[in-house]
Each structure stands twice: as C-alpha cells, then as structure tokens.
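There are 2 protein chains.
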Amino acid sequence: VSQEKLKSVKTNAMSPKITVELLRQLRQAMKNSKYITEPIQAYIIPSGDAHQSEYIAPCDCRREFICGFNGSAGTAIVTEQHAALWTDGRYFLQASQQMDNNWTLMKMGLKETPSQEDWLVSILPENSKVGVDPWIIAADQWKNMSKALSSAGHSLVAVQDNLIDTIWEDRPAPPSTKLITLGLKYTGLTWQDKVTALRGKMAERKISWFVVTALDEIAWLFNLRGSDIEYNPVFFAYAIIGISNIKLFVDSKRLLDPAVQEHLELDSPSKPELTIQCFPYESVYTELQAVCAALAPKEKMWICDKASCALTQVIPKSHRSAIPYTPLCLAKAVKNPTEIQAMKMAHIKDAVALCELFAWLEKEIPKGTVTEISVADKAEELRSQQRDFVGLSFPTISSVGPNGAIIHYRPLPETNRTLSLNEVYLIDSGAQYLDGTTDVTRTVHFGTPTDYEKECFTYVLKGHIAVSAAVFPNGTKGHLLDSFARAALWDSGLDYLHGTGHGVGCFLNVHEGPCGISYKTFADEPLEAGMIVSDEPGYYEDGSFGIRIENVVLVIPAKTKYNYRNRGSLTFEPLTLVPIQLKMINTDLLTQKEHDWVNDYHKKCRETIGAELKRQGRKESLDWLIRETQPIV
Amino acid sequence: VSQEKLKSVKTNAMSPKITVELLRQLRQAMKNSKYITEPIQAYIIPSGDAHQSEYIAPCDCRREFICGFNGSAGTAIVTEQHAALWTDGRYFLQASQQMDNNWTLMKMGLKETPSQEDWLVSILPENSKVGVDPWIIAADQWKNMSKALSSAGHSLVAVQDNLIDTIWEDRPAPPSTKLITLGLKYTGLTWQDKVTALRGKMAERKISWFVVTALDEIAWLFNLRGSDIEYNPVFFAYAIIGISNIKLFVDSKRLLDPAVQEHLELDSPSKPELTIQCFPYESVYTELQAVCAALAPKEKMWICDKASCALTQVIPKSHRSAIPYTPLCLAKAVKNPTEIQAMKMAHIKDAVALCELFAWLEKEIPKGTVTEISVADKAEELRSQQRDFVGLSFPTISSVGPNGAIIHYRPLPETNRTLSLNEVYLIDSGAQYLDGTTDVTRTVHFGTPTDYEKECFTYVLKGHIAVSAAVFPNGTKGHLLDSFARAALWDSGLDYLHGTGHGVGCFLNVHEGPCGISYKTFADEPLEAGMIVSDEPGYYEDGSFGIRIENVVLVIPAKTKYNYRNRGSLTFEPLTLVPIQLKMINTDLLTQKEHDWVNDYHKKCRETIGAELKRQGRKESLDWLIRETQPIV
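As you go down the protein sequences, you meet chains A and B in turn. For reference, each letter of the first sequence is one residue, going 568 to 1200 in our numbering. For reference, each letter of the second sequence is one residue, going 568 to 1200 in our numbering.
These aren't lab readings, by the way, just hints derived from the structure by calculation. Among the hints, erroneous ones may be present.
No copy is singled out in the list; a pair is fine if it fits within one copy or between any two copies.
As the list claims (entries may be wrong) - Computed list of lysine-lysine pairs in BS3-like fashion (alpha-carbon distance at most 27 Å, straight line): (1) Lys678 with Lys773; (2) Lys678 with Lys768; (3) Lys678 with Lys714; (4) Lys714 with Lys867; (5) Lys710 with Lys865; (6) Lys1021 with Lys1160; (7) Lys1128 with Lys1150; (8) Lys1160 with Lys745; (9) Lys884 with Lys710; (10) Lys598 with Lys930; (11) Lys1021 with Lys911; (12) Lys710 with Lys1150; (13) Lys773 with Lys884; (14) Lys867 with Lys710; (15) Lys930 with Lys820; (16) Lys1128 with Lys1160; (17) Lys945 with Lys911.
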C-alpha cells in the first residue's frame, strides 16, 4: 500500500455533517477571554496530533469533528465570516459529500485555488490575529505560516487551550492501551544498547540532549509497543535523552505492569546512566523547560523539525539544533540481522495466509457469494491463524473491476462488489505480527483476462522487476529508482500517479522514513543494506480496472563485475513471497532477464512457502502454490 | 561538456601567487574609513560578477586576484588574522598549487571542513562585522550568511566600494564589445513580440515590473548579442520591464551603432509602450529606486532570487516577488520553430567540421606529431571555416589516455600528450554560430581498443541511448531520466560522478537553465517540447582513460500506443549528427533496440551530413563518413 492510498482509507458515511451550531460555538470561543487574551480573527485546525502522526487516534480527529470531512489530509480554517477546508485531489468528492454548505472546499493542486496563507491575507481585516494550537502544528509549518502572515501585517498566535476541545462535548478519552515488551529475540538490541548507540551519535555531534517526539521512534528505542492508534503499534509518549539521563513521559498507569517494570529496569537499573526517570505524559513541557533552564551556554539540543511548535519553541534558538531526520529515524530504518530474520518469518506466515486465501477464492467465487468485504474479512481471519498475529497493518484494500481504479479504495457496504470470473481483482493488505509488519498487493483474474488487461499487467510487472532487480551504487537515494518502475508503462504512453515505494517498519508503522522510492521526494536518505521498502508500481484504468504488484523488499549488497571507487553496490531481495499470477502475464513482452526473474521468484516462493505450508499441514494451499509457481517457458 | 567540467577549464600557471602585500593592503582597506564607517573584521570575496554569471570577464576575477586560485568555483574570506579559500574536490590540487602559504585551503565536501559560516563564527571576536560587496553576492546567499552570522551575534554588512578594486592597480576595464543584432531569420520573434509576451505573463500574475539581471536573458529578450565574456555571446546590461515601460541599462557608446539604433527603434518606436528608454549601465540602482518610490501600495515586482543582493534590497519587501526562475528563463528554454531550425543548421555545420577533423586525424596520427593542443586548434580552424562561425562555446577538452579520466581536463603545454594508436582519445568541444550553439563529445581509438575499453564504452553508449530513446509523459522533470543513463554501468558496478545533461542556449550560453538531466537537482522545470539539452553519460578510469558520448538533443512529442489521461508523451531527437565509433562498441552487449538505434542514428548522420559534405565538396570526409556509418549486423 502506498502512502497516498493509505492516507484516505477511513471513508465512512457520506451525508454531510451539520455544522451551524458548532461553528457558532467555535466563533464564540475565538473571542472568549477564558482561552485567549485578545480575540482572534481566524483559527486553524490542522489534521495531526501532538506527535505529527500519519494515523491519529479518535480523540485527535478535531478537523473531522468541526467540518465532517474524515480524510487523512486536510486543514480547516474558520474565520468570523468564513469556514474553509483545504484538501487534495484524492478527497475532492469525499469532502464535498461530507461537508455542509457552511464550508468552502479549497481544492489543492488546482491553479485557481489560493494557498491558506494567500486566502487568509485576502480576507482578513488589517492587523489580524490567527490562532492555532501549537501542539498540533509542526515547527516548520508554523514558521512558514507565521512568516506569510507577518509580511502582510497579521500575526500567528499560539492558543494553548485547543478551542475544538472546548466545544467537543463527547470527545473520546486519549487512549492508554497495555504496553507490549519485546525481547532480544525480536529486536536484536536491548533498549540500553540503543540508548548507548544514540548517545554515541550525540557525542559525535556535540549534542547534549535529544527530544524524541515521534511515536514510532519512542516505541523502537524502548523495545515497547502499544495500540493507541489503530494499525500502528505505538503508544503516546515523549522522551528526552541526555548524555546521562533518560526521561520518559508516559501515562504512569501503563508502568504498573510488572513486565514493563522489569523490561525498563525501573526498580533496579543496571547502570546509573541507564536509569529511566518516568514522568506523566503531560509534564513534558515543564520538564523540557527545566532541562533548558539548566543548559550551559554552548550546549545543543536536537529536535526534529517536524516536532510540534509548542515543544520546539521551549528550546531557546541558541540551543536548538533542528534536524530533518533524527538519528533514531535513521537507526530504525536500517534493520539489524535479528530484525531482518524476524521480518522474513513474518512474511512467510503472511504468504501462507495469502496462499490459503487465493486457494479458497478459486473454489468460492463461482458460487457468486464472495464480495470485496467478505474477502477482506477472510484475509484477516486467515492471517489471525498465524503465530504472533497482532492485527492488520492498514485497512485492507479489496477491489473488483472499476473499484480497483480508485487508488485509495476501501470497500463499504454501499460500494461493495461481488467477485466474478469476468473482472480483475486487486487486494492490497498487510498485518502486524510480533516479529514484523507486512504489506502486499496482488492483482488476479479468476476467469480469462483481456489482452489489454494482460498487456497493462505485464508493463506493471516489468516495472516491478526493474526496481526489484536494479543494481545501484551504495549511497543512491531511492527516488532515483522511481523511473525504472515506469519505463515500460511510459513507452506505451501509460503511467501511475503515485510513488513506487515507502519504508516499512519492523512490527511498527507500515510507512516510515527516511527512505522510499518516489519521484515526489528529494530529501530521502540514501538506501543502505538492511533497509526495507515496498516496490509497488501500478496502472489504473478509470471506470474499468486497477493493477498493482507490491512486494516488500530488503536492501542487500550486490555482487558486481567491477567495483568503481570501492563504493560497493546494492540490490533488493523480496521478502514478500506470494506467487504473481501467470495468467495475467503476456510472456511475449518479457525480456529473457525478466522471464528468469519470474521463474527464480516463483521457485523461491515454492520452496520457502511450500515448506511452511507443509509444516502447517495446509495441503490444498500447497497444491495451489505448486500449480501457481510452474516455470514459464 | 557538463557543467561540472566547464567550470574549471581555465587552469593556467601552477606556481603560487605571492599575496603578502596584497593581504596587507586589503586588511588596511578593511579599516579605512574612506570605504567603511566602522572597521570590518572579515571580508568575503565571492567568485561571481554582478549578474551571477557562470563565466566571468577578467575585470571580475577578484577572487583570483587576491589569492591566485583561478578555478571557476571558490570563495575567499580574509580576516585580520586569517585568509581562507573554499573550493570543491575538482580543485583541491589546483588551488593548493596556485595559493601561497598565507592561505588556508578549505576542502568542501570533506567531513572535517567547516562551512564558511561555522568557520567565521569559530574565529571571529564577539560582535564582529563581516563585509561583502552586495553586487556580487546573490540575494539568497546573502540571506543564509546573514542569518548564520546574526544568530551568533555578528552581522553581515554591505560594503559599497569593492575593497579588492581599491587595491587592484591594473584591473582590466569592464568590456564593452560591439553588439550584434539578430534578425527574425535567427530569432523567430522580434524583441517587441518577446516584450509583449512577457507582459502577458506579468499581467497574469498581477506583476507591474520585472528587473532582468541575467545577461543571457537580456541578450535573448532584445535579440542582441555581445562578446563581453569569453565563449558566452552576452553583454553587460540590466533591464527593467514595466507594463508600459522598457528601461535598458547599457554602456551608451554601444548604442551609437546605427544597426543597433534601428534594431531597437531608438529613434522611431512603433508604439509608445515599445519605446526603449536607455540609461547608463551604472544607473540601474538609482533608476530602480525611482521606480520603487513611485509604486502603488499593492504593486509587485519580479526579481530572480539569484539576482544581486544590492538590487534585490532596493525593492521593498512588500513589493518584492522573488522567483527561482524568471519567465524569460522559461521562455528562452523552449525554442521556437525558427530557433530549432537554426540550431539544426548549426549542428550540421558543426558535424561537417568534426567529420573533417576525424578524417584528418586518421591520416595524421601515425606521423606522431598530433597532440591534444594541436587537435583542439585544428578543430577550431575547421569550425571557423563554417558559415556564421563566431567562436567556441567553451574551451575544448582534448585528452589522450589518462588525461581523459580528468573530467575537467584542458590541455596545457606541460600536460600535453601526443595522440597515438594505443590510447583512447576524448574530445569535448563546441562552437557559437549566428544560428546556434553546439556541444559534442566523441571518444575514439585510432588503433585497437582493449576489450575492457570497449566494454565500458558500450555501457556508456547504452546509457546514452537509454536517455535519447526514452519516452516519458509531458510534465516529467529531466532529473527523473538521469538513472536511465547509469543503469548499464550500475549493473556492472560502474558509474560516473557528474550529471547527465544541461540545457543549451541558441547562440547563447552553452549552459542554461531551467532544465537539465541531473540527479543533483530537484528544482528543475519539467521538460517541454522545444527544449534542448545535452545527453552525456561517461565513464572515467583513473590513470587510464576517459569515455564520454555527448549529443545535444531536442525534446519532441512522442507517438505512443496509448495516451494516459491525454497527457501526451515526449522523447528526444538528436541534433548532433556525428558518427559514434563502431570499433569501440561490443555489439554483443547491445539489445536489438539499441542495435537499431545505432543504425538509425548513423543512417541519419550519413544522409544529413553526407549531403552537406557533398555540397561543400569535402570528398575525403564524405568517404570517411560513409565508412563510419556502415550498419552493424
């Protein structure tokens, strides 16, 4: 699943939310001296949480609360006279259906659509104040907005009380789920090892403190997982790491669990500098203030430039070193041998579930009772039979025929189609296991595909192979490989409008930085052996069908004939081992090298997944696997 | 020739310049109240001119004057105690040879090398003032430096008198060469058409004025050329274009030429809004002040963010709209049909000269008297025989054997090698004709190349073809094609450390923005039909040989089987038509498609250049061409 797709899968009811009364209350709050010293003329409601998470918990769905639109991307702005929502092309239809006529839809990417800044400047009275909750706006976004407003004579002000929360009567409580401790068997490194390595990097750059705000970085650092946010095994927390201090900010109830106490050595730390001081989640602000107050003149503190404006601004500028990617983000991206082994195991189990699913589908489809939703449910059921299954890694995209061309489709009762022998079926799904995270897309036909469907599928496959088999020098950034995935489509005048791949966490978020394969980014970090990304080109024919072939692949060293400047080379090894449907391939369009790749890949699927199917006694699926992995000639 | 190479070809004498006395004088000037109100503790000497030109005139070689280093890239900083020069990897050796021990070489790109900002902050006494000539520092560079210094308690100050000029006794006079007027036959559009189109773009964006500072933009806009800077047919000037005004700032002597007077309609303008007001070059500052003083409150003025700090700061922030690429830069990049036809003609003539050269070389080399320098001279002589030849478009790179591996090599008497039957020869050269600019690289062997040389050459050729034959959607940025040029090399563990292509002007600079093909950029503008770029992958084996195959190619619409979302597709048409030496190709490594490309290309060379060789009565070269363009089987 690609980032573009995932961001929008939570589509639900399509009748507009009635917002007259809510807007009236919000506009009152904007003038209420209980919350603000001076009235504000506009209030910005971004869609993130205090950790700038991609997925958010129900208590953080403030933008949805005020306007009704529940897509993943979008910013609402309410002024005394206007209410407007900015979102992108994926959501124009959905947003227009979910919002009532108190709201103006601002279609981002269209020439005539003003930016939030330009729009504010065009409608605000002179010398206006624009408010925003400094916790849910990232420091870099604050900076840009603030600059634009001040250059037009206005000002951006931080409103400490979130004004939406003041009018949201039945706002869900922030989640505080049970924590899971992960042992060395899964992580390869203790949290103490990780803290020590981090301090090494800090010392190298003469950094005294590092404020950790991203939830997956905290989970990875402490070898803990939670379930505060659906699909993402993270928990709400902050950490402040010093050269001899570890401050963890988390709901204290969660630390009562003896397993967690022992894991974190709360009672008996092995070394003084590895003692964790625990604080309530909410006290991060005051504690950071205290740390900053005690800084020596030249001391520097790291914070990600995507961290909240609130926390960032606590650190005086002279002490602040804002970085685009934190050392934890980089360390987490390069999987260690234990993590790689665990990810491989997770992918084997996931492939078993998918082989079961496809074998089952072949029998069931002719009955005419299998729907997009029932396949998604069946896939979840089959995955849940596998050892150490935790949950899905994102909502399953299960789509038949024309629904497959909606890149971010998620089946709903009102759109649900029945699988048949006449239409292409696309399923993009994945799971969280204790040992790893999966994400796989297969596109299949249960009858006879048309020549055009096969032709398009084959171009997509050629692109998939071009990336998967690419050899490239150490130090190459993933975005430089994106065009390889498109060349075969481009040659015929075709293309797809999403990136080719994203970083994948290890029993963590299915999307993670700092690497990926997308023409849209430039600031990605170079690929390194041990990184894990997805390889998922596609083709979408509006109103007709969608095709995507996605494997999760591991970056590994490549053996090459020469070795220019001793840089070394890299290539990919597929972790996903699920057959690619031969019936969909026009083999005449394959080169010998592509032909061999398909056969090698299927041999590996047969051997590795076959052994596990046998071990699990899943005879029918084994037969299916053997049939589907016959070499092409 | 690629940008990286060109920037450094002016290598001359290698004994260090004695700078004791000059530094003493400069440090005195830094305290002299004649030039500055308060003493400055450091003075920055950038390498550019007031137009941020890539190549500069002798009067602007101030950084070379103060430190002796004459490479194209480098910044000198002199403080009371220190003198340091920052330059990049291409120039470490050269700079260390050209500078005496009063100077510290700061090797950019090495981990241990501090940035100019960090270095200044580390050595300056508290509350220091750092001076720079605001005319030769770009606005965006000023901004970064100023920010870094202020955050450390120092300040960047504009020193109006250039302090180098105050101590440079025999500084050459600024050039003021004769202007060449270009008629419709070459330009396709009158300057009046161009001004009108520009005003259309200004009106679209509600812009009242546009300050033109780039020399090639001014030359293109007014259909004028000069020779103020070697290899670049430009002239020193500024222009300020309003919705009903045209202000041209240029040495008034140059306008006395009746041809120029008539061309610019100085005596009898056809329309009032197309009347050019001429001002002395130096009065741009005061005139811009006057224009700004008369601006209505909401009026906006365009200026490139690469323009000088001095001019940029004249425009009040509220009126300033700084843009990365100007509308002239964009308009100039998309060649009109007349320009395309003219460029084709220039490339035919250039190919004739090169066919002559190669035929001559075959005869002469066995005599053992042909050297890198003598080939370069011969190439210039042969080009100068062609109609409308003006000069070279850059210094010829003529290199034998190991010299070919020095990417920015230019033959000097002390490095000059003799061509032989045993070594690879690389020549990268080009010319300015009234009808166009050329830039071509061929790599050849006059004896028998080794298998390894052929293998590397063939990988480079495969990369060249992969770009040249690429089909890609309208709207694709050139940097997305860069990896196509490397895939064959990467597969074998090889690579080259420069970009793949740059924009090429039409009887203008051999390097121009805003398009190109390089992994290093992200902010390039999308390729469009009519743009012209180079396609020049290479491979360089240190101490042994260099290979590069470069054509100038035109972006053209491509016919494809399908047309996704009606976007249309593009591909390239080679304008350079010089045979690629078959002897260097290992044809076993070519795919059928590559094989066909070579034969098609050679067929076109034979037909087009053959006809011109025949017309010019160059029989021997015609025989050579026919032999060199035999189809491979």
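* Hint check, failures only -> Numbers 8, 10, 11, 12 and 15 - these are the hints that the structure violates, sorted from lowest upward.
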